[in-house]
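S.K.: Sequence:
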Amino acid sequence: MKLVIAPDRDAACGHMADMLYMCCAHNPAAVLGLATGRTMERVYGHLVRRLHEVPVSLAGCTTFNLDEYCGPVARTAQSYRAYMHHHLFRHLDIPATRTHLPPGDTDDVTAACARYETAIRAAGGIDLQLLGIGQTGHIGFNEPLSSFASRTRRVRLAPATRAQNAEMFGGCPDNVPRHALTVGVGTILETRRAALLATGPGKAAIIARVIEGAISPMTSASALHFHPDCTFVLDEDAAMDLSEECRWMAAYIPPRH
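Quick note on our numbering: the sequence shown kicks off at 99 and runs consecutively.
Take the hints with a grain of salt, since some may be wrong.
[Stated by the list, open to error] Taking CB as the label site, the calculated pair distances span:
# : residue 1 : residue 2 : range
1 : Gly300    : His323    : 29 to 39 angstroms
2 : Ala348    : Asp272    : 32 to 42 angstroms
3 : Ser155    : Pro299    : 13 to 23 angstroms
4 : Arg345    : Ala194    : 37 to 47 angstroms
Hints listed in this document are in silico derivations from the structure and should not be mistaken for laboratory results. Note that CB positions come from ideal geometry on N, CA and C, so glycine has one too.
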């Protein structure tokens, strides 16, 4: 595991965008694992600006998102497909046919999840996987007790997750779908590189638990200790609960200008 600590949220998000940019610049056929969330909006904003300043074509790249809500919401403006289009895809030259999300509106969940796993393998596997982390320590929607061998599947969302995601649903957790499709922990562990981004003091406790605490299916992000090439990118606020011994091993990056 590698640890990068940035002075602030903007620098942390910019660093993640740089990782994406360099992956695509070095491999025009890169397969990217993408994530959503408020912090990722800044990552994609940085990436789009850099691609405008120093153009790199993503026409040969392929993307797979971590998750999507189940039910009719998967076809609405509150879906992760709509999120990705608004914040990233519409700004890129990547064909829509090369952008993939779990089909949350499917009538056959088992078959759809199996096809998603097959599509990832057929693309050659994911070169760089972006990850956020939820308040329960989940990556994707792999809530507590998710097996470290789990694959793409339908899951029930924890109350804390629904509360965290309520902003997109009028601020009411009851409006957030109760189920979602998510890539599994086992699928994430098979990616060639993974990068987890966490910013803000609200993530400090769970980050310390994941990095320095017990490895347990109660905290799916702790499985990343088994990943052969994983980087945690944190701002100072998210890193504030880490021990001095842990912080001493980190790489520190400067502010962005």
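S.K.: Would you mind marking each hint as holding or not holding in the structure?
M.R.: Going down the list of hints, with the structure as the test:
Judged by the Cβ atoms, the range 29 to 39 angstroms given for Gly300 and His323 is violated: they are separated by roughly 23 angstroms. Range check, Ala348 to Asp272: about 40 angstroms between beta-carbon atoms, so the 32 to 42 angstroms window is met. Ser155 and Pro299 have their C-beta atoms about 39 angstroms apart, which leaves the hinted 13 to 23 angstroms range violated. At about 43 angstroms, the beta-carbon gap between Arg345 and Ala194 stays in the expected band of 37 to 47 angstroms.
Hint check: violations occur at hints 1 and 3; the rest are consistent with the structure.
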